[in-house]
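Could you put together the complete structure from these sequences and hints?
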Amino acid sequence: MSAPVAAPRPVDEKLAREFGLNAEEYGRVLAIMGRTPSLTELGIFSVMWSEHCSYKSSRVWLKELPTKADWVVHGPGENAGVVDIGDGLTAIFKMESHNHPSFIEPYQGAATGVGGILRDVFTMGARPIANLNALRFGRPENPRTKRVVDGVVRGIGGYGNCVGVPTVGGEVNFHAAYDGNPLVNAMTVGIAPRDRIFLSAAAGIGNPVVYVGSKTGRDGIHGATMASAEFDANSEEKRPTVQVGDPFTEKLLIEACLELMATDAIVAIQDMGAAGLTSSSVEMAGKGGVGIVLDLDAVPQRETAMTAYEMMLSESQERMLIVLRPGAEDLSRAIFDKWDLDFAVIGHITDTGRIVVRHKGVLEADIPLQPLSDEAPLYRRPIEWPTPPAPLDDAAITSDVPVEQALLRLIASPDLCSRAWIWNQYDAAVGGQTVKRPGAADAAIVKIDGSRRALALTTDCTPRYCQADPRMGGMQAVAEAWRNITATGARPLAITDNMNFGNPEKPEIMGQFAAAIQGMAAACNALDFPVVSGNVSLYNETEGRGILPTPAIGGLGVIEEASQARGIAIAPHLDLVLIGATEGWLGQSLWLREIAGREQGAPPPVNLVAERRHGDFVRHQIAAGGVHACHDVSDGGLLVALAEMALAGNTGFALNDAPDGVSDIGFWFGEDQARYVLAAADATDLLAAARRAGVAARLLGRTGGNELTWAGGVSISLKELREAHERFFAAWMS
Amino acid sequence: MKAIVTVMLKPGVLDPQGRAIGHALETLGFEGVGEVRAGKIIELELAETDTARARAAAEAMAAKLLANTVIESYRVEVV
Amino acid sequence: MKAIVTVMLKPGVLDPQGRAIGHALETLGFEGVGEVRAGKIIELELAETDTARARAAAEAMAAKLLANTVIESYRVEVV
Amino acid sequence: MSLRAGIVIFPGTNRERDMAIALARVTGGRSPAMIWHKDTDLPPLDLVVLPGGFSHGDYLRCGAMAAQSPIMRAVRDFAASGGYVLGVCNGFQILAEAGMLPGALLRNAGLRFLAQDHHLRVERTDTVFTRGYAEGEVLRVVLAHGDGNYFADEATLDRLEGEGRVAFRYCGPDGAVTPEANPNGSARSIAGVTSANRRVLGLMPHPEDYVDPLMGGEDGLPMFEGLVGALAA
Ligand SMILES: Nc1ncnc2c1ncn2[C@@H]1O[C@H](COP(=O)(O)OP(=O)(O)O)[C@@H](O)[C@H]1O
Ligand SMILES: [Mg+2]
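Protein chains in written order, with the working numbering: chain L, 1 to 734; chain C, 1 to 79; chain U, 1 to 79; chain D, 1 to 233.
Read the hints as simulated data drawn from the structure, not as lab findings.
Just so you know, not all the hints are guaranteed correct.
Unchecked claim - In silico BS3-like links for lysine-lysine, alpha-carbon gap of 27 Å or less:
#1 U:64 with C:64
#2 U:40 with C:10
#3 L:146 with C:40
#4 U:10 with C:40
#5 D:38 with L:338
#6 U:40 with C:40
#7 C:40 with L:215
#8 L:215 with D:38
#9 L:146 with C:10
#10 U:2 with L:215
#11 U:64 with U:10
Everything numeric in this text was worked out from a predicted model, so none of it was measured.
This is the structure:
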């Protein structure tokens, strides 16, 4: 890829191909334009029609996701999703990937990922109150992985800590499939009054178009098309496009924009994300059904001799585009001056339905907006539907590793060990509203300032399930997010998603994608948990090798009374009760992988009716006040969930025998879904209530002491458990 | 010998630190300050006594660790 | 003119960054690396065309802002 | 008499809301005055707070550019005339850079940002900031900094100790001050120091984040209650 382009080259099909447009797509450009496009025009088409901006491979499938509910104010289509959370307030949230940049330059890639998603949220008028991140890395043994993990974690912390938005949760997995394609998905949640939400549709012929924030440089030119391309051995050459984040400027931009939003100066506003000035201006004018004229001479520039092509495609960070009411320029400029940010009127809204770009007296681009979006390519790519694997014969599985030894190994494994090394670099407390920080509860709990309410926030996905059975995996990811919110006592409201997949031109990858969507849609429908925003990241392949399908889910819920939110930490003298039935499902379990050394079988089936019934029961019990602590059962199974509760509360427990009819391994390590562990002062009422509700429940044991003890008399100390749990990151990173 | 490795952001790469310093100098009343770039300097005591070999070693260290060549360039001086 | 201000921690002030770099170089297999010190370099474009005056201005900037003389020392070079 | 507090906002300050919540908690809900860094005068106040954050991005050195802000001249005059000044985290760095407190805050010895709970031992109770605590009392507080490694030369450290100006030290949960319980490499485990007249305090950790059990603790509350009490006394 030849960027930046210094001297204009003849525009032809060959150049179009270099820009990522195929012959057919270039043909459409010619048809729309009725002539050969200029270099700048070709640049605009190529980024608008890139996978990243146009969703050309995924759009037909994304439509299957449910997006509506009474509490959804704005679903997909805006910069972020908006849900009503009561008290006249809304939560505005979205997740976005920065996978490719984070592989090339882990620190800056992750940092600018956080910056980008923050802008998507505050551009709608919300003050960001929480960040989360979903991360997937290659094998720890791969020497490159350590550098990537270190850089990504520092980058997320470096940006989030500086802007003063607490990073309150996330998830991390390791797998060889991510060796050449780590995933960095960042999520931001903000709060705005329901009647003060800002949208991006431009309006008002003659209204000024204003550029604010940082100056434009040659950063990230063709970032959007890069995000839509596979890596190969020459990827290093794409490096000059790396963008550097400036969280300080972002912080000023947040404050300045929110200050401006308190006035009535703004007609429409949008951040300059991927494809910068191009996508923001095209989308704002396009959505408003108007035209737009840009005068690039007025664009604040960091470098000399920038061309129109470069300015239109630059992905310099920390910039916003605003359509102002007529006459609001002075008031607006004063606010940005106060915050020492650039402010420039760079154009105006027209009634032509065209984007017109001028630079140094030259007409650089003149494109009709409607065909640019309406005739954007849309592919129903060939699909090869995945065949779900046969379930394992669980009964045939045996092991000589004793249960307590298996627990110690599992809890020390990279996918289950303590993530404290990571979250101890993220400021989770800033803002003074964080009720449950990372590790304290299944979902982070962040209170809303001035209200008794709190949000419950989580990210979830189990890629190994998705790999084995994408449909079930997609369903499970949504169900787990719903369950994690439920386990705190909060009411799940909606999700954002980040669909990370391989090359969509391969039928089997499209099959994974479509099946995952179908599974997600089924779960969203059954759980009243609509999708309000999201992001698609395709072509996560290096030299033909793809990642595990990873539909990361960011879930949001609300709890009316923040002090009622439950964590996972147990205290002494409590009964431990398991909610939900256990068949002992070991297919695709971590026990199978870590102890038996096999990645096999079908993932645990998700029964959405049971999910809903069990979750509603648990939430009801928490609201009724009898539940001291609650944790869902997920990766690693029941015993891992119990051990995590013990570690969080620094309290041991004594367990009863496993029931008959299920193997010991299956009972303690099976990953059957729709299950929770509750700790309550006296299990009697809880068990009775479960019986009445038709929910399977079982008394597991009682808390106390500083050991984990099994009925047979075997025990391990909390100290030993903690050492095992905390060993991995400390040893790896020292 | 002593090797001095200077690491600067490549031209064109945003240098928020340099910009902030320039802005602060202006606020403090210093006039005529144009572009400001901020970088790192690493001074290494080397056991090596041959200048050429010391330089080669420092170059290797810079390329491998001291500079992030994705966004930074470096120069080596041996004294 | 261009002024280059180099800021180093004073001798006696612990330099964990320099130490970490030294340690990392060793881990990477570089031998014969003694003490490592990490510092900052700030390059300033100055409108001033007189070397002496440019140096004086840069010295003033260093003393006032660029270095914290409790912990750091600086040197100025004008090119 | 109720405490009249003001919080200075620098570009990049980000813990002003946390601090306002803590102050409102002890002043019957009264909001502190928010003061802009470009201002040159302070309104009538009893307490000026320099809160945490990343003033000017923490570029160059933490607090270096903020220390040169126009408002700092007024803050210095305010302190010189006996006013109370509290600098937390970035605020401490700014006070040190401004020369209002001795020493400097270097990069954490482990070279990583530290965001975790830690313990502090109260070394002096004869300051308005610490009068709400018992001597030797152990507090749990939030750390959130990349540059909290307190440094001063030996002579200065000896002088600070001699004058009783070390207000807080990092310690373990049992109050033991040990190298293992020193999270960032600070000289003599110092977490907070005062001016000679004990009216200016610089402190790295965040007492303002623990004023409500709902948010995980209230060990910071006595500091703010002590300030209010001192004015009433
Ligand atoms: N990258 C991360 N950033 C912040 N917190 C994280 C990250 N990864 C995991 N966590 C936190 O660690 C805890 C355990 O994570 P995980 O095992 O994925 O939880 P669960 O299985 O309940 O979804 C959670 O509180 C989660 O928010
Ligand atoms: Mg979970």
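Check your understanding: CA of residue 40 of chain C to CA of residue 215 of chain L, is that 27 Å or under?
Key -> Measuring from Cα to Cα gives roughly 24 Å; hence the hint holds.
Review point. Are the Cα atoms of residue 215 of chain L and residue 38 of chain D separated by 27 Å or less?
Key: holds (23 Å)
Review point. Taking 27 Å as the top limit, are the C-alpha atoms of residue 64 of chain U and residue 64 of chain C close enough?
Key: violated (35 Å)
Check your understanding: Between residue 64 of chain U and residue 10 of chain U, is the straight-line Cα distance small enough, at 27 Å or below?
Key -> The hint holds at about 17 Å.
Review point. Taking 27 Å as the top limit, are the C-alpha atoms of residue 10 of chain U and residue 40 of chain C close enough?
Key: Roughly 16 Å separates the two Cα atoms, so the pair holds.
Practice item. Measure nothing beyond the straight line between the CA atoms of residue 2 of chain U and residue 215 of chain L; if it is 27 Å or shorter, mark the hint as holding. Key: At roughly 23 Å apart (the allowed maximum being 27 Å), residue 215 of chain L and residue 2 of chain U satisfy the hint.
Review point. Regarding the pair residue 146 of chain L and residue 10 of chain C, is the alpha-carbon distance no greater than 27 Å?
Key: Status holds; Cα separation ~25 Å.
Point to revise | Pair hint residue 40 of chain U and residue 40 of chain C, alpha-carbon separation not exceeding 27 Å | key: Judged against 27 Å, a Cα distance of about 4 Å means the pair holds.
Review point. Is it true that the CA of residue 146 of chain L sits at most 27 Å from the CA of residue 40 of chain C?
Key: holds (23 Å)
Practice item. Verify the proposed pairing of residue 40 of chain U with residue 10 of chain C, using a straight-line Cα cut of 27 Å. Key: Status holds; Cα separation ~16 Å.
Check your understanding: Are residue 38 of chain D and residue 338 of chain L close enough, with their CA atoms no more than 27 Å apart?
Key -> Holds, at roughly 9 Å.
Checked against the numbered hints given earlier, the structure breaks only hint 1 and satisfies all the rest.
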